[in-house]
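**Student:** Now for the letters of each chain:
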Amino acid sequence: MAVIFQKTRGLTDVPTHYCPGCTHGIIHRLVAECLEELGVLDDAIGVAPVGCSVMAYKYFNCDMHEAAHGRAPAVATGIKRVRPDNFVFTYQGDGDLASIGTAEIVHAAHRGEKISTIFVNNAIYGMTGGQMAPTTLVGQKTTTSPYGRDKETQGSPIRMSELLATIEGAAFVERVAVDTPANIRKAKKAIKECFQVQIDRKGFGIVEVLSTCPTNWGLTPPEALKWLEKNMIPYYPLGNFRRPEEVK
Amino acid sequence: MSKVLMKGNEAVGAAAIAAGCRYFFGYPITPQSEVPEYLSRELPKVGGVFVQAESEVAAINMVYGAAGAGGRVLTSSSSPGIALKQEGISYLAGAELPCVIVDMMRGGPGLGSIQPSQTDYFLATRGGGNGDYRLLVLAPSDVQELVDLIMLGFDLADEYRNPVMILGDGMIGQMMEPVEFKEDLKREAPEKPWATTGTKGARKPNIINSLYLEAELLEEHNHHLQAKYEKMRQKEVRVETYNIEDADLVFAAYGTTARIVKTAIAKLEEEGHKVGLIRPITLFPYPYDAFKNINPNCKGVLTVEMNAGQMLDDVKIAVEGKIPTHFYGRTGGMVPGPAEIADKAREILGGGR
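Quick mapping for you: the protein sequence lines, in order, are chains A and B.
Per the numbering used here, residue 703 is the first one in the first sequence, and the count goes up by one each step.
Per the numbering used here, residue 101 is the first one in the second sequence, and the count goes up by one each step.
For the record, the hints were derived by calculation from the structure and aren't laboratory data.
Hints may be right or wrong, so weigh each one.
DMTMM-like cross-link-like pairs, simulated, lysine to aspartate or glutamate; straight-line CA separation at most 20 Å [stated by the list, open to error]:
{"hint": "1", "chain 1": "B", "residue 1": "Lys-304", "chain 2": "A", "residue 2": "Asp-744"}
{"hint": "2", "chain 1": "B", "residue 1": "Lys-300", "chain 2": "A", "residue 2": "Asp-715"}
{"hint": "3", "chain 1": "B", "residue 1": "Lys-304", "chain 2": "A", "residue 2": "Glu-738"}
{"hint": "4", "chain 1": "B", "residue 1": "Lys-304", "chain 2": "A", "residue 2": "Glu-735"}
{"hint": "5", "chain 1": "A", "residue 1": "Lys-894", "chain 2": "A", "residue 2": "Asp-744"}
FRET-style restraints, in silico, Cβ to Cβ [claimed, not checked]:
{"hint": "6", "chain 1": "B", "residue 1": "Pro-424", "chain 2": "A", "residue 2": "Gln-856", "range": "54 to 64 Å"}
{"hint": "7", "chain 1": "A", "residue 1": "Thr-868", "chain 2": "B", "residue 2": "Gln-152", "range": "16 to 26 Å"}
{"hint": "8", "chain 1": "A", "residue 1": "Thr-830", "chain 2": "B", "residue 2": "Leu-211", "range": "25 to 35 Å"}
{"hint": "9", "chain 1": "B", "residue 1": "Glu-137", "chain 2": "A", "residue 2": "Val-705", "range": "56 to 66 Å"}
{"hint": "10", "chain 1": "A", "residue 1": "Val-705", "chain 2": "B", "residue 2": "Trp-294", "range": "27 to 37 Å"}
Under 7 Å between C-beta atoms, here's a sample of chain A residues computed to sit facing chain B [unchecked claim]:
{"hint": "11", "residue": "Ile-747"}
{"hint": "12", "residue": "Tyr-759"}
{"hint": "13", "residue": "His-767"}
{"hint": "14", "residue": "Ala-770"}
{"hint": "15", "residue": "Arg-773"}
{"hint": "16", "residue": "Thr-779"}
{"hint": "17", "residue": "Gly-780"}
{"hint": "18", "residue": "Arg-783"}
No residue lacks a Cβ here, since even glycine has one placed at the ideal position from N, Cα and C.
Chain B extracted, bound-state conformation (with noise of 0.2 Å):
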């Protein structure tokens, strides 16, 4: 299939659709906003249903019954929208709903601001609601790849029977791009045989539900879900690494950031420094082994996020005090450029210019 240029919410829809999901329910947010947009546009084009909800509360337990009923199911909105869904995100976790959740992030606390940020890290990677429960976090650098990672999220989604969210920013959300839809168009989702569809008298009740009175249950519940989270750790695990082995320094960075990493390396190298990269893919779980293969005589890890050090704390979990970690962060909306990144660098290699 051919390349077409599209703005990253749009590929976001065309992604969902040709991964066949036939279910969009959100509220408006900057900036984000064209995924609904463009979902209302196409959606019923192809007998799928758009529902604009009053709340982003209203539109995730809508994707808590779409889900339930055995619908593929998408939801998308920027941090304070997210912060409203942590609700319905909970309980989809709880009562182990597949679905897909997309979150252009924005600069905060609170109302904030409207241009990309890396904020919601905490939020995403380690639960956001209410009890014990994490989701597969996905992590686009590029518009190709949010395509991608969109259409492998449901999968993963239905498989594990979990909430996925795609973790990118406005950034990803805004920018134009080439993207190739790589995958067959007519994708089929996976017989849901728990799916409350009507018993049409044949069989028992199916019950869509997190709810466990006695205590008992509820930490055997857990128990499955945690292994459901092991599993998880075990095998999706994706990350892309770059020449760690011999690099006098590692960066550490995911989406966006990444991106702009790869530039300052570029310019670093020229110099005849020898850097390194890893960039998560998967947020949760997270590539901590890929830190066992940095050469262990570097002088550092650098850790780059358009936030005040989050992933910061994966990487010191995963470094386990071996290596030096630093970190250079932009918050507030503010994008770090490649020479600041670059500057940063040289500040702990020593002898730049």
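Bound-form chain A, shown alone (with noise of 0.2 Å):
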């Protein structure tokens, strides 16, 4: 009989410990297919973040590092020099890239470490049990905004892919979303657009992909999908930010 459809081989075959309704699912799959897909998930050394994903070294299929929070660019890095000839990635959320990790994210970005970064943003720390994070939108209530986050005291949230998109060695810069199927298609896109950037040993790429947590924004998964289509894009629009000259 033949086969119509597969798991990919880039994950492992454990159940994740994500919540019902969260995107890291789809992330996680759109990820591991892109390495299968582009012929180097055996040669892939993967980095992991602290955060909801602090357990991805569990679930993708190819070597990994546990890093400590925030330094995944930096622990890339050294994989990398070491390793020129390997695929690295980093798969970070934004408490773990936008706040503690910024400078780390800034300094392998203006390198041009040729490292590829799978960013997820969704606007809250989730593990730690929904504090806010730089990139929670004004009024956004969270454990540690209870009144919404205020502009005044607590800043804008901060847009990473257009700060990263200023930086020279940022070959590749895209934001997109997983909130619908045509945008999962859109971002799988991205992500293996990125990934040959590495592979053509271009510079840095970096992925932001809009993501939801049902659980900490007390929604429902579909209304949690809906939240971040009405909220998130309009304020992180989606889009192509940089990619190399040639393939413009």
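Taking the hints as your guide, dock the two standalone chains into a single complex.
**Tutor:** In structure tokens form, the structure reads like this:
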């Protein structure tokens, strides 16, 4: 019998710990499929963050490092400099990348490290129980912004893709969302192009993926997808911010 | 091989390259900046990689990545920078990754000074970061020993899968002395089947990690680490002793300070005093047993350090209250002279001039 669909070899065969309706599962699958389809899975070395995806090292079917909070781009730098012929990626959340790890991501991009970063932005700290993230929207209630994020005292949410797109060494920067089947297909396309940039040794690449957190947003999974579309996409516009000249 | 005149910090770089180290990640800080300067010049010549990181925090995490991927890797800094590296050092120890970390200590606390000091003894020998862990800590007292211990350090790091710290000070880093590279320049690092190299589809994924969410498993991991540290205590103690069996006073000192103490000893001996020295070369594991050979009737052990009394705690543990302990220290980057050390010794010995 002809096989018309099977699970990607890029994921291990274990149940994940993610909450029902969380979009990490979709993003894991997209990353794993891209690794397999581009033929780099067996040469891949991934770096997991601290946050909800802390145990990603159990889920990707390739060599993995578990990094300290925010330091994944520095860890990936060390790996890539020792193993320039291997494919090296980081998988990080918004607390990890946009708060405690801002120096590491900015300078990895600045050096043009030949690594790829998957940046999952769900506008909240999930693992620690729903605290305010640098990406939390103005007015959004979290356990550390119980009256809603106040722009005057807590600042505006940080747009990492726009920030990183100003950096010369960042060869590929794109923001996508995984709220609809169409957007999921676009997200996969972006991840694949980003990975190809590393394979072609053109520099640093990042895909920011707008994601949901039904548990800590206090919404059902379908409501969370709607919330993402209505609130996050207007503030975090989707699209490509940077790609190598010749593929434009 | 003939002797060459080298500054301590440059000798660190040369010894690392001779030991097969090809990766350096660091950040500038006085008084060790000649280490990154030398390696930025020399590593590319041997196909190595030099990266000036954005911070000490990033540098040590690059070491974590490089060591996990199987590289023979070095980082260096000085006290405030070493404090910043503690997060990564704890992770390296937890994930059992080999690397060499050089600390050319300067005065503290805080930003302190840029002059020589030994204020990081506690930090180096007690772990420094979070969790129960130990580093192998080697304390050279001249540039030749610095070279020898760097080379030994890489081998010990690989053998034990553990970070090794070379605890020097601003004096050793900055002074020039003739050195000889005794080891074969073509040394190869051992096989590292645990390293992340890509599975090639031929084995299960290798995972570099210090996270154990189940308490039972983390305790088991801690037992494994402690057994490893016990093995270090049994096998890796290095110490120089001089005349401790019939001395009336025994000095305890390491690094630069031990060298100054030797000058004080020569002076005291000229005057007819019987004095000895215990110079720990490994600060962890500490040479506690050496103190058992001290003349039981001696007037005391005089610990001399460039701090307010840190190794003194280990000396007290070693003598188990059986011999009086004394301390002489200078802080803030002040280096004790032989005359003031000899004065302190005469005070204890009595009948001095």
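**Student:** Okay, which hints does this one fail, numbers in order?
**Tutor:** none
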